[in-house]
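> Chains P and X, in that order, give the protein sequences.
Every position in the first sequence, counted from 1, becomes a number in this note's numbering once 1 is added.
Every position in the second sequence, counted from 1, becomes a number in this note's numbering once 463 is added.
The hints are simulated quantities; they were obtained by calculation from the structure and are not laboratory data.
Every residue gets a Cβ at the ideal spot worked out from N, C-alpha and C, and that includes glycine.
Do not rely on the hints blindly, as some may be mistaken.
Derived coverage of chain P by chain X (criterion: at least 3 residues anywhere in the stretch with Cβ under 8 Å from a Cβ of chain X; other residues may be distant) [as the list claims (entries may be wrong)]:
#	region
1	10-19
2	43-50
3	55-68
4	73-85
5	126-133
6	140-152
SDA-like mimics (lysine to any residue), calculated; alpha carbons at most 25 Å apart, straight line [to be verified]:
#	chain 1	residue 1	chain 2	residue 2
7	P	119	P	168
8	P	119	X	509
9	P	122	X	490
10	P	119	X	484
Chain by chain, the residues:
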Amino acid sequence: MDRVSCCRSGDREAWAAVVRDHAGLVNGILRGAYRLAAHDAEDAFQEVFTRLYVNLGQLREDRALPGWIAQVTRNVAVDLIRLRRHELADDGLLDEGSYDEAYEQVVEAMSVRLALGKLPKLQREILERFFVEDQSYRTIAEELSIPAGTIASRVSRALAMLRDQMMEENTAAARP
Amino acid sequence: MSDRIDDDERLGQALRMTAEPPQAWIDAAALIPATLGALESIEQLIASPVFRSRFAESPESAVAEAGLSTSPALLGALRAEFA
Numbered sequence: 002m003d004r005v006s007c008c009r010s011g012d013r014e015a016w017a018a019v020v021r022d023h024a025g026l027v028n029g030i031l032r033g034a035y036r037l038a039a040h041d042a043e044d045a046f047q048e049v050f051t052r053l054y055v056n057l058g059q060l061r062e063d064r065a066l067p068g069w070i071a072q073v074t075r076n077v078a079v080d081l082i083r084l085r086r087h088e089l090a091d092d093g094l095l096d097e098g099s100y101d102e103a104y105e106q107v108v109e110a111m112s113v114r115l116a117l118g119k120l121p122k123l124q125r126e127i128l129e130r131f132f133v134e135d136q137s138y139r140t141i142a143e144e145l146s147i148p149a150g151t152i153a154s155r156v157s158r159a160l161a162m163l164r165d166q167m168m169e170e171n172t173a174a175a176r177p
Numbered sequence: 464m465s466d467r468i469d470d471d472e473r474l475g476q477a478l479r480m481t482a483e484p485p486q487a488w489i490d491a492a493a494l495i496p497a498t499l500g501a502l503e504s505i506e507q508l509i510a511s512p513v514f515r516s517r518f519a520e521s522p523e524s525a526v527a528e529a530g531l532s533t534s535p536a537l538l539g540a541l542r543a544e545f546a
């Protein structure tokens, strides 16, 4: 059974996994593309997943999840920006198109994030720490208790695994 | 070699663009089914004359018997609803 079906049948673990897998996508759109303030982004984040849960019945398969979630996140972000502008008595038209490029970039980036989620924990952590948290080799080595001299090669190997995972996903997606 | 570096940087940028939010947000969203389920139960209880009568006698027992947490917030909200 796929995750959407499991969620529909009340599987809380499956739901938690759906949230975990798509948290980066939703956060990236809210904070990166639409530049919402942290407190608004937090509310919007919960709103997106509440809408997803309530509308699970509309989704037929797991593959539809990222696109559905991205679109709903965009709608929630735009609604919130309109609300904030209204509160500031700014009645000018909102140029939604000005966010398009950043939105598309985040959506495209999601394939990388989903592939990362399928790597073993250590490789995932190394890439997160190096690229997202901008940690030095030394800090990564200390916090993960691995020799500092091996970090560069571990990053390189983890990236190779990430590329392989993405190729595998693309191949699977191309199957009828 | 430089293609490889560009590609690595592109992957890194993609990961930065989709950085995860604080864990507390993820934990709260994971609880949405339970929260909505509880809300649904509360709505059903509010509509029940039996529960209303039981709540008037002993609010905490009525809520506990219904399988809900006897939190001050919930008890207060039910008292306000039935006032």
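> Against this structure, judge whether each hint is valid.
Do the hints match the structure? See the list:
Here the region 10-19 of chain P counts 4 residues with a CB under 8 Å from a CB of chain X, which clears the bar of 3, and the coverage holds. Counting residues of the region 43-50 of chain P whose beta carbon lies closer than 8 Å to any beta carbon of chain X gives 4, which meets the minimum of three for the stated coverage. Counting residues of the region 55-68 of chain P whose beta carbon lies closer than 8 Å to any beta carbon of chain X gives 1, which falls short of the minimum of three for the stated coverage. Closer than 8 Å: that is the beta-carbon criterion, and the region 73-85 of chain P has 0 residues meeting it against chain X, so the requirement of 3 is violated.
Residues of the region 126-133 of chain P lying with their CB closer than 8 Å to a CB of chain X number 5, which satisfies the three-residue condition for coverage. Counting residues of the region 140-152 of chain P whose CB lies closer than 8 Å to any CB of chain X gives 0, so the stated coverage by that chain is violated, three being the minimum. Only pairs whose Cα atoms come within 25 Å are accepted, and residue 119 of chain P paired with residue 168 of chain P is accepted, the gap being roughly 13 Å. Proposed proximity of residue 119 of chain P and residue 509 of chain X is contradicted: the alpha carbons are some 45 Å apart, above 25 Å.
The hinted pair formed by residue 122 of chain P and residue 490 of chain X meets the criterion: a straight-line CA distance of about 19 Å does not exceed 25 Å. Under the criterion of a C-alpha separation no larger than 25 Å, the hint pairing residue 119 of chain P with residue 484 of chain X is consistent with the structure, at around 19 Å.
The earlier numbered hints that this structure contradicts are 3, 4, 6, 8.
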